[in-house]
Amino acid sequence: MHSLTRIKVLQRRCTVFHSQCESILLRYQDEDRGLQAEEEAILEQIAGLKLLLDTLRAENRQLSREEIYTLLRKQSIVRRQIKDLELPDYTNSGKTERAGKEKGRVSEKSKYWLRKRRELSTLDNPSEKTLYPARDTAGRGRVRGDNLMGDVSAVSSSGNILLPQQE
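In full-length UniProt numbering, the protein residues as written are 1 to 167.
These aren't lab readings, by the way, just hints derived from the structure by calculation. Model, not experiment: these values are computed from the prediction. Ideal placement from N, C-alpha and C gives every residue a C-beta, glycine not left out. Hints may be right or wrong, so weigh each one.
[Said to hold, decoys possible] Calculated lysine-lysine pairs in the BS3-like style (CA-CA distance at most 27 Å, straight line):
| # | residue 1 | residue 2 |
| --- | --- | --- |
| 1 | K8 | K109 |
| 2 | K116 | K101 |
| 3 | K83 | K95 |
| 4 | K103 | K83 |
| 5 | K50 | K83 |
| 6 | K111 | K101 |
| 7 | K8 | K111 |
[What the hints assert, rightly or not] What follows is a set of in silico ranges between Cβ atoms, one per label pair, in the way DEER data are often shown:
| # | residue 1 | residue 2 | range |
| --- | --- | --- | --- |
| 8 | G100 | Q75 | 36 to 44 Å |
| 9 | R79 | S19 | 45 to 53 Å |
| 10 | E97 | Q62 | 45 to 53 Å |
| 11 | R73 | G94 | 29 to 37 Å |
| 12 | I42 | K101 | 18 to 26 Å |
| 13 | R13 | A47 | 20 to 28 Å |
| 14 | K74 | G94 | 26 to 34 Å |
| 15 | P88 | R118 | 39 to 47 Å |
Generate coordinates for the entire structure from the input sequences, incorporating the hints supplied.
In structure tokens:
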């Protein structure tokens, strides 16, 4: 069977890897918050530019040729700014998608290390029935009246299972 010190080392390693995965996940959450804040700021800017574009309309006004050209130039500048702001939105969605995939991969790793640590903790726990089946049969033997105490395994100080001597 496994020695207790080796199990402890493996448990610590699983704990370290799990905590590393958790810190990476927290970093991804911070990046997500930053991307969301950036996206909200861009959307606010676009809304403001659209309001500005609405105010640059020539509604029932008589304008000279120069005023019309000036107004059209201003409108085209505002439209270009809106398009320029909408372009990073596509790149942010790509970043968000890649970050989501990476986040899922790291989350699976984290779950894996947590599951491994739990499995090792069952090996570490001496009362676990799967590790010590002789104790389980000894308990049932006492109920039936059989004396199976001579067959029970012992555990050394290093955590190794010692089987009874064959005579």
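Now for the hints, and whether the structure bears them out:
1. K8 with K109: 20 Å, holds
2. K116 with K101: 23 Å, holds
3. K83 with K95: Distance of about 19 Å is within 27 Å: holds.
4. K103 with K83: 30 Å, violated
5. K50 with K83: 11 Å, holds
6. K111 with K101: Holds, because 15 Å separates the two Cα atoms, which is no more than 27 Å.
7. K8 with K111: 19 Å, holds
8. G100 with Q75: 36 to 44 Å: 38 Å, holds
9. R79 with S19: 45 to 53 Å: Hint holds: Cβ distance 50 Å, inside 45 to 53 Å.
10. E97 with Q62: 45 to 53 Å: At 51 Å between Cβs, range holds.
11. R73 with G94: 29 to 37 Å: The hint (29 to 37 Å, Cβ to Cβ) holds, given that R73 and G94 are roughly 33 Å apart.
12. I42 with K101: 18 to 26 Å: 23 Å, holds
13. R13 with A47: 20 to 28 Å: Cβ of R13 to Cβ of A47: about 51 Å, so the range 20 to 28 Å is violated.
14. K74 with G94: 26 to 34 Å: 32 Å, holds
15. P88 with R118: 39 to 47 Å: 43 Å, holds
In the structure shown, a violation is registered for the earlier hints numbered 4 and 13, in ascending order.
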